[in-house]
Each structure stands twice: as C-alpha cells, then as structure tokens.
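Undergrad: Chains as they are written, first to last, in our numbering: chain A, 3 to 248; chain B, 12 to 436.
Careful: at least some of the hints might be erroneous.
Here are the simulated distance ranges between beta carbons [claimed, not checked]:
id, chain 1, residue 1, chain 2, residue 2, range
1, A, Arg-153, B, Ala-343, 34 to 42 Å
2, A, Ser-39, B, Asp-355, 22 to 30 Å
3, A, Ser-39, B, Glu-422, 41 to 49 Å
4, B, Ala-334, A, Ser-39, 48 to 56 Å
5, B, Glu-422, A, Glu-173, 29 to 37 Å
6, A, Gly-191, B, His-378, 37 to 45 Å
7, B, Gly-357, A, Pro-213, 16 to 24 Å
8, A, Ala-150, B, Leu-18, 51 to 59 Å
Because the hints were derived from the structure by calculation, they are not lab data.
Just so it is clear, CB atoms sit at the ideal spot from N, CA and C, and this is done for glycine as well.
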Amino acid sequence: MAFTGDCAVAALLERPDIWRGDSLSRAGARGIPSGFSGLDAELPGGGWPAGALTEVLPAHEGIGELRLLGPVLAALSQRGLWLAWIAPPHLPYAPALSAAGIDIAKLVIVRTASAKETLWATEQALRSNACGAVLAWLPKVRCAAKYAELRRLQIAAEGGRAPVFLFRSPEIASESSPAALRIALGTAGGGLAVRVLKRRGTPLTHPVLLPAMPPAVRGKHSNPHVDRHPVPATAARNFPARFVHA
Amino acid sequence: MAVSAALALAPRLRIVPRDPAGETEALLGIGGWAAQFTPGVAIEFPDSVLLEVSGSLRLFGGLESIVERLRRGTTELGWSTVLAGAPTPRAASWLALAGEQKFIGAAARLEEALAALPVEVLRREDETHAALEAIGVRTLGELRALPREGVARRFGQRLLDDLDRAFGALPDPRNFFAPPTRFRASIELPAEVTQAEALLFAARRLVVQLAGFLAARSGGVQRFALRLGHRDQATTEIAIGLIAPSRDAEHFTLLLRERLSGLALRAPVRAIALEADDVVPLAGRNLGLLLEEGKPPGHWEHLVERLRSRLGAGAVHGLASRAEHRPERTVASAEPDSRQPHLDFGERPFWLLDRPRPLAETGAVPHYEGPLELLAGPERIESGWWDGGDIARDYFVARTRNEALVWIYRERRGEGGWYLHGLFA
C-alpha cells in the first residue's frame, strides 16, 4: 500500500506544472540568461523566465531598469528576434540602445492611448508568439480587475519562449500577482540592487547587487568640471518599508 | 408549379427569382477557389465544378483528406454541395447530379455504380426523356442494354457518345478553367445589415474564397478592399494594407474584424464585395524537419498589422538613427526592420524626453527630485545653425537624490538655465 502510494506521489512530483516549495524550480523551465551571473544564479532556470511574466518594480524611474535588461535584449535582437516595447513612458533613444548592443531594427514600439489598449496590445504580442521579448509599461490602474487581466497575459505567454517584462510601480508590491518572477529595483553604492520579491521556489532574502552604471560614469572619477560629492554607503536604502516577500 | 399554386400550399413562402448571372459568378468563384487543389479545374454550367485530382492525392494526403477539405471549404464558402468522384469526369458529375456521394476508385466498379443511376442525369431535351420513359427505360443500365444501332437511330449518336465517355470507352478531354488575374467576389446579403460587426460572417466567406484563389496562383496580396454596398449611397470602402504579402484566411479575418469593430455604418448594407488586384508570388512555407517545442513562432508582420488595424498606423513603429549631433534629431520613427547605420555617440541615455523639461536651480545647482550631483560632463553640442534649429548646450550626466542617472544640459544661449533631457534608466 505504502509502495503504490509513494509511486503515485513520485509520479505527481514529476509533473512539470507542479513545483515544490523546498527547491528552486526544476531545470525543465530553462531561463534566458540575464547577462549578470550573480543574478542568474538566483533565478530559477538560470535566467529570466521564458514564456512567463516577470514584473519589474523600479523604486524610481531611471535608476537602471533598462540597463538591467540591456544584455538580454542585445542577445535576443542579435539572434534576429523581435523586441516589442508597448506603451514606453518616453522615447527609447536609439544611440543608447545601439551602444548597449541592441539591434534597433528589431524594435517594434507600440503607442497606446489607454490602459485597456496597453493590455490588449500586450496580449496580442504574446499570443502571436512572434516576439523574442515583450516589454510593457502598465499604468497605475485600480487593482480590482487587475489580477484577472494579468492572468490573461500569463496564459497568453505560456507555450512561447519569450520573456515578458511588465514594468509597474512599486506601490503594487504587496498585491498578489500571477507573475512567475517579481523583482524590485533599488540602488546601492552606485550600483543596482535587485530584490527578488517572488520566484518559483524558496524565497530570496538578500538583494543581488549589480554594477549597472554606464561605463563613462564609472571611469570618470576626477572630472575637473564636476564637483564630486562622496556617495553615501546606503545599501538598498531605496526600498520602501512596505515591500514584502511574495 | 405555378407561383400561385405554391403560395396556396405554403402561404409564408418567400419567392426569389432565379439569378443566372449570380449562379455563374458563384460557380466561377468556387472554381477559382478549388484551383488550389489541382490545376485541372473545369466548370460545367450551370451547377458543376470538375476537379482532376488524381495528380494531387499524394500532396494532400489521399482522397479522403482532399474530400474533407473540399467539404469543409465549400461549407465555409457558404454552399451546400454534393461531392462525388469517379475515374471519368462525366461519371463523377452524373453521380453528383443523382445525389450519390460516392467515390469510385477502380474503373471496374464504374459499370455497376453507373448502371443504377436514373436516365435524368443525361440532361437531354424533354422529348428524349419522355420517349425513354415511354419505352420503360429508367436507369442508365437499362439504356446500355438496348441495341446500340437502335439507340443511335432514335436518340442520336451524341447520346451514345456521352454514355461511352462516362464509361471510359471514349476519351473526354476538357478545357481547364483559367482563374482570372484579379480577385473579385460579392455577396448579396439576405437582409439589410446595420451593425458593422455582423458583416464579418458574410465577409468571412469571401475571405476564404480569396485565400483559395491565392493558393491556386501560389500568390499573396499586400492589399485588398472590402466594399460595402448601400441602397442609395456610394459604397463604403475598407482598404486593408499588409506589410508583407499573405494568403492567410485567419489573418485576413482578424484584420477585418478589428476594422469592422471600430466602424460606424453610414447606412444599412445590402451587399458586400471583396476585391484584390495585385497578386504577387508567394512561396509556400516549408516545415522544419524536427518539430520545435512549444507554440510555432508567429509572423511579426501579422502582429504589426493586427496592432495597427486597431491602434492606427502611426501607433506602431520602429526606430531609425541618423548621423546628426542634435540629440532630438538623432532618432526618427521608421518601419520596423529597416537597416540602420551604427553610430557611436558616446554616453547617451536610454530614454529621451519628448521635449526638454526646465529644471529649477538653487545656488547654481540644478534640481530634479532634489539637488542633482553632476557626475560627468560637460559635453558641448553646438549644431544646426544652417536650418534654423540651432542649439548650443553643455550636457552633463547627473545623479538624483534617488540615485537615478539623468542627462541634463545647461542652455548656453539666451537666458540659459538647466534642462532635463533624458534618463539613463
């Protein structure tokens, strides 16, 4: 009796759609390398989840949310895959993208007039399975209907190989979400501090620190034209206290 | 039966006059659609389309599969059909006329199958049929059993020749139908339609016909138009443009759905027509040797067209970079996938603001979310005196109190001042 019971459990645990809370998600779901080895080591599958939602919650606009994605976007675009940018808050600036190795010919920028259109366009991009990566900037909508809409996106993403990055405001960190990965971005010592709020598997308690400064700034420490104030050592000081582990 | 007699039997009968021109158009439409299965399509007016399929059986995976495609396709086109097959074209059309949905592969079985058919399938003049009935001949088998000389004398040699062709004793060459170079098909709607979305169902029939027509020509279209006919007004035209030629009926339907869903009709619609003029060659797609895991990759052109059909053409674009020093003129919108020169500008932010935002300044320090700390600069950009859009600026990389990196400049002309122009993100 015990034997058959064990077998049933073992068979159940082999299912790819079941993951166990005590281990990182199985290797079957291989991730897309982020280009930062320190981060890859902490992400299930060794990279950004493919065919699943990743929520990116930057503490402030401009602290490095795109530099974080630079390597993966460069790698995907150089393989000839399409990058869909849906409802970006500003104009993606071609010279900087080129300098980061991103092939700007592979960019498709979608402007939308409402939150509904943004969600619709994102869903179309995922359903078409024509993109190497999908980036979408979701407006601050009231959370009520939100979960169902995100769930639709998650279902649309499944079966594809594209990583999907949803940029949202840090206020929603405490809301539940169907995303496979949720990360909050802050800064620490001039670099980028990535805090994994949710991943498949065991929660991660310490932030991953990444050197994400633009190279010219890192190199120029003694520019005669510029006063340089000492950078206070404020590790991860930009994380609002209400961030919780999901 | 007279119309009055019919109305007496069924008072709610709807009387519609027969439309021979419409029948011909429909038959030609089916012929053009069916040409995707074989180049050998012959039209037999007024009601039959003959397909020579023996050369196509392998390609389409056998007779059953081809019959299933024909059945499904003609249903989608909105017709009910009787499908029959035989080794000779005449035998196949007679079987279909008799309503026998039979597929006879071997010539040996032809004799037996045809013998049971009624003589009406011969479609002779009324006198001939009356004479046949008078001598008690009801089936083709009974007719064949009569002495040939007698039949030839009473009914003419042509009747005998017809029989011989059906049984395969005489050759029966056909003129194959050549599909027109342009596609044009229309449907009279059974009732006036006031909701644009309700047109999609009828339009779908035309789209399927278009896809078949294009498959037959190994071509695709880059633009097509749906015309909506009204009672007293000029037609409404909905033009659909594609990035790359296609003949995908599902994709066409999706594009029409997006366009129709946002359309307010000026007047009720009585008829719709689909037109496509420029058919361009389009190669078929080869399947990969190994099936790749997951969903098959989609066409990005389809995605872009789908998004544009709802959001507008200008809402979906790619980027182009230009050899130009003024930051706001370095980038422009372009069609996605246009080749770009690789230009090196030094340190540039990922985000450029649509227009520079003036920054407050206290004690010679610019403020954005608090005082800014300058990290790198200045990079002097002076350019554009020749076209009136000249600038003179000193750009700096600065850090905000929140440790975001921003791209700011100090205006060197006029009143000066600090401006935020980009975010390094």
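Undergrad: Taking the hints in turn, state whether each one holds.
TA: Results for each hint:
1. Arg-153/A / Ala-343/B: 34 to 42 Å: Given about 38 Å between the Cβ atoms, the range holds.
2. Ser-39/A / Asp-355/B: 22 to 30 Å: Since Ser-39/A and Asp-355/B have Cβ atoms about 27 Å apart, the given range 22 to 30 Å holds.
3. Ser-39/A / Glu-422/B: 41 to 49 Å: holds, 43 Å
4. Ala-334/B / Ser-39/A: 48 to 56 Å: violated, 36 Å
5. Glu-422/B / Glu-173/A: 29 to 37 Å: holds, 35 Å
6. Gly-191/A / His-378/B: 37 to 45 Å: violated, 24 Å
7. Gly-357/B / Pro-213/A: 16 to 24 Å: Given range 16 to 24 Å: holds, Cβ gap about 20 Å.
8. Ala-150/A / Leu-18/B: 51 to 59 Å: holds, 56 Å
In summary, the numbered hints that this structure violates are 4, 6.
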